[in-house]
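Here the protein sequences come in this chain order: A and B. The C-terminal residue of the first sequence carries number 584 in my numbering, and the numbering is unbroken. The C-terminal residue of the second sequence carries number 285 in my numbering, and the numbering is unbroken.
Calculated directly from the structure, the hints in this document are not laboratory data. You may find that some hints are simply not true.
[Claimed, not checked] Calculated lysine to aspartate or glutamate pairs in the EDC-like style (CA-CA distance at most 20 Å, straight line):
hint, chain 1, residue 1, chain 2, residue 2
1, A, 403, A, 424
2, A, 333, A, 312
3, A, 403, A, 454
4, A, 403, B, 236
5, A, 333, A, 443
6, A, 403, B, 237
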Amino acid sequence: MTCRMPRLPILRLKSRCTLREIEAPEERVHEEMESDILSFVHQLRRLRFIVALALYLPGLVHAQDASDSEDHAGHVPVITGGMGYVHNVTGGVTTLGPQINPVLLVPFGSHVLLESRTDFTGVFQRENQTSGPFTGKVFKSVDYAQVDWLANSHVMVTAGKYLLPFGLYNERLVPVWIRNLQDSPIAAAIGTRTSGAGDGLMLRGVVAQKPAYSVQYTAYFSALSTINQLEAARTAGGDASIYLTHPRLEIGTSYQRFLQDREINNVAAYVSWQPAATPLDLKAEYDYTHTGNGYWLETAYRFDRLPIPPVLRRVQAVGRMQQFFALNGGGNALPRVNTQRFDFGLNYYFRDNWRLVSSYGRTFSSQQDANAWNAGVTYRFTLPLWPERKK
Amino acid sequence: MKRYIAALSLLIVLLLGGMGAAALEQDSSQPRNDQKPPTTSNSREQTQEATGEEVFQANCSRCHLPPMSIPQRVTGTIIMHMRVRARLSRQDEQLLLKYMAP
Numbered sequence: 194m195t196c197r198m199p200r201l202p203i204l205r206l207k208s209r210c211t212l213r214e215i216e217a218p219e220e221r222v223h224e225e226m227e228s229d230i231l232s233f234v235h236q237l238r239r240l241r242f243i244v245a246l247a248l249y250l251p252g253l254v255h256a257q258d259a260s261d262s263e264d265h266a267g268h269v270p271v272i273t274g275g276m277g278y279v280h281n282v283t284g285g286v287t288t289l290g291p292q293i294n295p296v297l298l299v300p301f302g303s304h305v306l307l308e309s310r311t312d313f314t315g316v317f318q319r320e321n322q323t324s325g326p327f328t329g330k331v332f333k334s335v336d337y338a339q340v341d342w343l344a345n346s347h348v349m350v351t352a353g354k355y356l357l358p359f360g361l362y363n364e365r366l367v368p369v370w371i372r373n374l375q376d377s378p379i380a381a382a383i384g385t386r387t388s389g390a391g392d393g394l395m396l397r398g399v400v401a402q403k404p405a406y407s408v409q410y411t412a413y414f415s416a417l418s419t420i421n422q423l424e425a426a427r428t429a430g431g432d433a434s435i436y437l438t439h440p441r442l443e444i445g446t447s448y449q450r451f452l453q454d455r456e457i458n459n460v461a462a463y464v465s466w467q468p469a470a471t472p473l474d475l476k477a478e479y480d481y482t483h484t485g486n487g488y489w490l491e492t493a494y495r496f497d498r499l500p501i502p503p504v505l506r507r508v509q510a511v512g513r514m515q516q517f518f519a520l521n522g523g524g525n526a527l528p529r530v531n532t533q534r535f536d537f538g539l540n541y542y543f544r545d546n547w548r549l550v551s552s553y554g555r556t557f558s559s560q561q562d563a564n565a566w567n568a569g570v571t572y573r574f575t576l577p578l579w580p581e582r583k584k
Numbered sequence: 184m185k186r187y188i189a190a191l192s193l194l195i196v197l198l199l200g201g202m203g204a205a206a207l208e209q210d211s212s213q214p215r216n217d218q219k220p221p222t223t224s225n226s227r228e229q230t231q232e233a234t235g236e237e238v239f240q241a242n243c244s245r246c247h248l249p250p251m252s253i254p255q256r257v258t259g260t261i262i263m264h265m266r267v268r269a270r271l272s273r274q275d276e277q278l279l280l281k282y283m284a285p
């Protein structure tokens, strides 16, 4: 049995070799020592490489992070959304409407986002419309459930169930805590058949951005789906808008081709203006489809810059007028006769996310004139799903 | 059932109203430091912050009242969501992040 010397010199001292075995001819010893030293140096180099890599990589990542973002923003999952309660009386019929719309946001890094909004809306009315006990139910629906890939400024890819980007209302103004008036415009049903959402792919992003303006686009295709909670129609379309930075004016247009049953075109044109000099919010939209066309014009003014007591500066006054002209008998969630409506509302903001809402509207049509009253409260919440790091 | 729903409605209104009033009271009694992130002494950063504020005011107020404060640990997530919804550029996202979570 031969004694196998450890290759590292320091370990040789601890070896179990006898003195005779260690006392070898001088040349052999030199060769072995040379070989061991070379091996040791080689191993040191490998070790140095590993150590350097271990130290360098986090630094590299940190440097990349630092150059990527110089902020302290966290990317933890969150549940946000709105909730509210609206007491509505339309044409003498009272409807109690509590609702909550949680939005789940789960980021994967800073380029991929999973997002979903679920709607729980209760509708309670008297058994005989104007008399009897209140009965009703809570409707549940998944408004959207999508994965976004934020590739770059020009392209963001969305897959899944997404809100149809048609006009101003469906994508932006539906949440209960955002809308200035709780009743939707009549023409909001145009371009959002059948569920307000599409199943498929959507591309969106910025075409060009200059200090004076920016141009945005959206293009999508939706497949027909009758799956529970994933209902969608077969449609294709897009939206394009230009935002003028200095006057804070946005002008846009939407187009949609409805590709099932009877193929029809839907078109919208819209304007949104929030001048910097005054707390005014003006929005207007025109929509056209096979069964009718119409427009709505909404303006909202906050009192926060008026020389009035601070408690009154939290008031917002809202007005909206709209006209709808039925074509080919109307239908598809649109009135069958020409309809006009005006609304006037007062909202009171406790904070940016807490407010009392109230409005009065009157509808005029050949079928029936009716008053609509709304009063309620809305709230926007944000619940981080990850605890704050201890510093 | 009728009394139950009426009582429940009243309770919800009172609860939400009370919480709103409490928020209002808290708001008026405390300085609103959370409305604007602290400014820095560096002039370059001040310029960036002004630009971030412009982006913030211009884009958020297109649809809703700009939020007074968002927990820092979710700011990145919320802004990713808004970048998709409002079709913001990467540059605008970075400016918003620096402004809202400096």
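* Asked: What hint numbers does the structure not satisfy?
  -> Hints 1, 3, 5 contradicted; others consistent.
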